[in-house]
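Chemist: Read off the chains here:
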Amino acid sequence: MSAEKPERRARRAWTRGPWWGRLESRVIAALVVLGTLCVGASFYLVTLTVEYFDGLVDDAIATSERAAGLAGPFYDGYVQARKQAYQARLTAMARELEIAELRAGAGATARAVEDRRRRQLASLLEREDDLVELSLRAGDDAITVERASAFPEESGAWVWVPATGATAELAPASQALEVAAPPPEDALERHELSAVFALDPAMDRRYQELGRLQREADLVSVGDDVVTRESLEAAVFRAIGVASALVLLIALIAGFVLARATTRKASALSRVMQRVADGELTARVPELGNDELGQLGWAFNRMLDELAAAQKKLSYLQRVGAWQEMARRIAHEIKNPLTPIQLAVQQLREKDPGLDPRFSRMLATSVEIVEDEVAALRRMVTSFSGFAKVPEVRLEPVAIARVFDEFERAYGHLTERESDTLEVVRPSAPIEIAGDRQLLKQCLVNFVENAVLSGREAERESVRVRVSAALGQDREGVLIRVDDNGPGIAPERRERVFEPYESTRRAGTGLGLAIAKKIILDHGGEIWVDDSPLGGAGIVVRLPTRGAPGRTGRV
Amino acid sequence: MRRRAFVTGAGLTLAGVAAGGAGGGELFLLRRMKFEELGDAVVVSVALPELLPTRDASAMQSIESGFATTLRLEATVVRTKSLTPVARRVRIVKIQWNPWRERYVVQTTDQGRGAAIRYYGKRDAAIAHAITLERMRVARASALERGPSATYAVTIVGQRNPIDPESRVAADDGGGGQTRGGGDLSAFSRWIGVFVQSAPRAEKTFAVRSSPAFYLVTR
Ligand SMILES: Nc1ncnc2c1ncn2[C@@H]1O[C@H](COP(=O)(O)OP(=O)(O)O)[C@@H](O)[C@H]1O
Ligand SMILES: [Mg+2]
Numbered sequence: 001m002s003a004e005k006p007e008r009r010a011r012r013a014w015t016r017g018p019w020w021g022r023l024e025s026r027v028i029a030a031l032v033v034l035g036t037l038c039v040g041a042s043f044y045l046v047t048l049t050v051e052y053f054d055g056l057v058d059d060a061i062a063t064s065e066r067a068a069g070l071a072g073p074f075y076d077g078y079v080q081a082r083k084q085a086y087q088a089r090l091t092a093m094a095r096e097l098e099i100a101e102l103r104a105g106a107g108a109t110a111r112a113v114e115d116r117r118r119r120q121l122a123s124l125l126e127r128e129d130d131l132v133e134l135s136l137r138a139g140d141d142a143i144t145v146e147r148a149s150a151f152p153e154e155s156g157a158w159v160w161v162p163a164t165g166a167t168a169e170l171a172p173a174s175q176a177l178e179v180a181a182p183p184p185e186d187a188l189e190r191h192e193l194s195a196v197f198a199l200d201p202a203m204d205r206r207y208q209e210l211g212r213l214q215r216e217a218d219l220v221s222v223g224d225d226v227v228t229r230e231s232l233e234a235a236v237f238r239a240i241g242v243a244s245a246l247v248l249l250i251a252l253i254a255g256f257v258l259a260r261a262t263t264r265k266a267s268a269l270s271r272v273m274q275r276v277a278d279g280e281l282t283a284r285v286p287e288l289g290n291d292e293l294g295q296l297g298w299a300f301n302r303m304l305d306e307l308a309a310a311q312k313k314l315s316y317l318q319r320v321g322a323w324q325e326m327a328r329r330i331a332h333e334i335k336n337p338l339t340p341i342q343l344a345v346q347q348l349r350e351k352d353p354g355l356d357p358r359f360s361r362m363l364a365t366s367v368e369i370v371e372d373e374v375a376a377l378r379r380m381v382t383s384f385s386g387f388a389k390v391p392e393v394r395l396e397p398v399a400i401a402r403v404f405d406e407f408e409r410a411y412g413h414l415t416e417r418e419s420d421t422l423e424v425v426r427p428s429a430p431i432e433i434a435g436d437r438q439l440l441k442q443c444l445v446n447f448v449e450n451a452v453l454s455g456r457e458a459e460r461e462s463v464r465v466r467v468s469a470a471l472g473q474d475r476e477g478v479l480i481r482v483d484d485n486g487p488g489i490a491p492e493r494r495e496r497v498f499e500p501y502e503s504t505r506r507a508g509t510g511l512g513l514a515i516a517k518k519i520i521l522d523h524g525g526e527i528w529v530d531d532s533p534l535g536g537a538g539i540v541v542r543l544p545t546r547g548a549p550g551r552t553g554r555v
Numbered sequence: 001m002r003r004r005a006f007v008t009g010a011g012l013t014l015a016g017v018a019a020g021g022a023g024g025g026e027l028f029l030l031r032r033m034k035f036e037e038l039g040d041a042v043v044v045s046v047a048l049p050e051l052l053p054t055r056d057a058s059a060m061q062s063i064e065s066g067f068a069t070t071l072r073l074e075a076t077v078v079r080t081k082s083l084t085p086v087a088r089r090v091r092i093v094k095i096q097w098n099p100w101r102e103r104y105v106v107q108t109t110d111q112g113r114g115a116a117i118r119y120y121g122k123r124d125a126a127i128a129h130a131i132t133l134e135r136m137r138v139a140r141a142s143a144l145e146r147g148p149s150a151t152y153a154v155t156i157v158g159q160r161n162p163i164d165p166e167s168r169v170a171a172d173d174g175g176g177g178q179t180r181g182g183g184d185l186s187a188f189s190r191w192i193g194v195f196v197q198s199a200p201r202a203e204k205t206f207a208v209r210s211s212p213a214f215y216l217v218t219r
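Listed in order, the protein sequences are those of chains E and G.
Numbering follows the numbering used here, with no gaps: position 513 of the first sequence is 513.
Numbering follows the numbering used here, with no gaps: position 170 of the second sequence is 170.
Only chain E is shown next, with the shape it has when bound in the complex (with noise of 0.2 Å):
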């Protein structure tokens, strides 16, 4: 690590940008500017909607209007016409009371003349239904009949019409009267007839109605008010406003909601990527959700992942180098002293004079410690040289099952003792990997020499082991194990059984699984310890296999 990099991380630390720059900030932004648009458009036509319908109402009013403008004119004619009709009607009154005043004939005094007449008229008001008042008049003599009680005017029921102007010739009390001759025209006596008619004013009320309808066309209901047209119209462009200023804010809330949501994930994404930029390889990402950040998190989580387990397999493997490169020192510094030494007490054995018995004793028990010690020792720089040694993996297509049978032949019998039982399970399906048969083979017998140990040191009646291989999950490698019904392993010891020199046992040497981890990992494959259903340790290899078992030959 240099000096500078620290400083040039600090300064790409830095990643928050101005708010305007941020994805929260643009998602939100987008959103407004569809809100406002769609909200705005939407806006825009319901004005034109609502300006379009005033015209037509525009047009409907009008014509009603006209069309009211024609009842006017209409009602006049109405009012003439029921007018002339009272007036004809007061005409053949007036001519009635002509004939019965000749029917009649002359000869009577005055008083019985108006007495006649009076009752003529009343007769003419009872036929009459709608006839309110009958006045007959001649100068100031006037005769009037009415039944006012019976019509009331002010009550608004009815309607009074007066129609005057109808006369009737009629001849003078005094004067006598030939049936058969009709007077002469000038002794006539000239009488006003007027009439007052009751009129039922539905009509009117109508037309009144008419009125207030005209007047107020450009009214409308809202409930229990009444507005203009044009306040209305006001009214609901305000309205929408309103509720359109609503949505667009509801769809802001919703929008800023759901923008969190998303960047709130790519900004935990980026703090975790973040910490890991700064070294903390341990930092995973929080769950998502399975939108694609979701997978990305994941992915990145599985790359993490694979990081550390490629850190680690390095870290081991520097490690045993190290061991290695130091199990090279020792043994080559501690073989070369050994043949002087052990010439030298060959020599010292062979000079013995033989004077002394005593000391010929002390020299031979001497002489056999060195001699013993010197062959321990050698078989120490043996095993260590052998593990600085440990060659180089050569990879080549080989079938699980051949380095079984090798295995077989070269260990068929476990033990010198019969109860001890090796079992080697095949495969079911040829399984081809890319592998070192020798190295492979090596690594079995370091496993069940481990587990034969471990029986006898357990003191297990009989030991048995077995050695069996599979097609891993999802096919994918191929998973060796090597079982026993030893002690097995404490699970706290199962990661440091692997490390060099680490042994429980007096001779032992602690390489074994050490040499074996090595020769797998080169392998590119892993190595752990389980339990094993026989009841001891099981010890399992992962291989990659090599394909299809069709495609041998290949390398």
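These are calculated hints, taken from the structure and not from any lab test.
Here the structure is a predicted model, which is why all the values come from computation and not from measurement.
C-beta: ideal position from N, C-alpha, C; glycine also.
It is possible that part of the hints are untrue.
As the list claims (entries may be wrong) - No more than 27 Å apart at the CA atoms, straight line, and that leaves these computed lysine-lysine pairs for DSS-like:
1) E:265 <-> E:313
2) E:441 <-> E:351
3) G:204 <-> G:94
4) G:122 <-> E:83
5) E:389 <-> E:265
6) E:83 <-> G:94
Claimed, not checked - Now the in silico label distances, taken between C-beta atoms and shown as ranges:
7) G:58 <-> E:140: 43 to 51 Å
8) E:246 <-> G:58: 36 to 44 Å
9) E:64 <-> G:201: 48 to 56 Å
10) G:183 <-> E:202: 36 to 44 Å
Said to hold, decoys possible - Covered stretches of chain G, as calculated for chain E (at least 3 residues, CB under 8 Å):
11) 61-71
12) 190-196
Starting from the structure of chain E, add chain G with the ligands where the hints point.
Modeler: Coordinates of chain G with the ligands only, in the frame set by chain E:
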């Protein structure tokens, strides 16, 4: 920050709406009026030609077409300082051409009294009578304080052809298009009703207040 801006914006809108929705107060013109005390009654005399001006062509045409024109005059006696109402009287004046008798009928109805009817041959004479309050009772003298310290004014709100929503609803066979239709439509109608501003109460409204004020002399 932005969120707060939104809230403020909405608040402003609502405030505007509220301000628009309220209101409806009349603007009073000051006018000289004549006050008299007749027995226990305080009467006022004043003319309000603005309510039905003879140059208002459409109003005149309406009268000449035989349609009735109604004037509603509401006279309120108020204390000049506090403007608290003391008494209130309503007068309804109806002018109508009677085509049968070919004369103008002016019918004046005072609150709690019968109608007084006058007939005119000329339109302008009928109108002049209709827009003039001639000794209209506005308060009982005993209801007012006496002395120059208790000054009163009379406000008169005149409405030409006041709109009676109830008669409209009754006449409009169901009350117009807005209240018909399904639930959504009626909800929309209610929503719009929130935004409707001061509904007009009449075809024309005119309001005056007496100036100077009056007081009852002590006896
Ligand atoms: N099959 C096994 N059963 C129980 N313990 C085992 C087994 N294999 C290995 N071990 C433990 O792992 C240690 C390391 O083994 P190894 O590396 O082969 O070294 P060594 O055999 O020289 O002790 C052993 O000392 C023993 O304690
Ligand atoms: Mg061993």
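Chemist: Look at each hint and say if it fits the structure.
Modeler: Hint check:
1. Proposed proximity of residue 265 (chain E) and residue 313 (chain E) is contradicted: the alpha carbons are some 32 Å apart, above 27 Å.
2. A threshold of 27 Å between alpha carbons decides the hint, and for residue 441 (chain E) with residue 351 (chain E) the separation of about 48 Å lies outside it, so the pair is violated.
3. Pair hint residue 204 (chain G) plus residue 94 (chain G) holds up; C-alpha atoms about 15 Å apart against a cutoff of 27 Å.
4. Only pairs whose Cα atoms come within 27 Å are accepted, and residue 122 (chain G) paired with residue 83 (chain E) is accepted, the gap being roughly 21 Å.
5. With a C-alpha separation of about 52 Å, the suggested pairing of residue 389 (chain E) with residue 265 (chain E) is violated against the 27 Å cut-off.
6. Restraint check for residue 83 (chain E) and residue 94 (chain G): satisfied, since their Cα atoms lie roughly 25 Å apart, inside the 27 Å limit.
7. In this structure the hint that residue 58 (chain G) and residue 140 (chain E) lie 43 to 51 Å apart at CB holds, the actual value being about 48 Å.
8. Residue 246 (chain E) and residue 58 (chain G) have their C-beta atoms about 41 Å apart, which keeps the hinted 36 to 44 Å range intact.
9. Residue 64 (chain E) and residue 201 (chain G) have their C-beta atoms about 24 Å apart, which leaves the hinted 48 to 56 Å range violated.
10. At about 39 Å, the beta-carbon gap between residue 183 (chain G) and residue 202 (chain E) stays in the expected band of 36 to 44 Å.
11. Interface restraint, the stretch 61-71 of chain G with chain E: holds (5 residues with C-beta to C-beta distance below 8 Å; minimum three).
12. Under a criterion of three residues with beta carbons nearer than 8 Å to beta carbons of chain E, the stated coverage of the stretch 190-196 of chain G is upheld, 7 such residues being counted.
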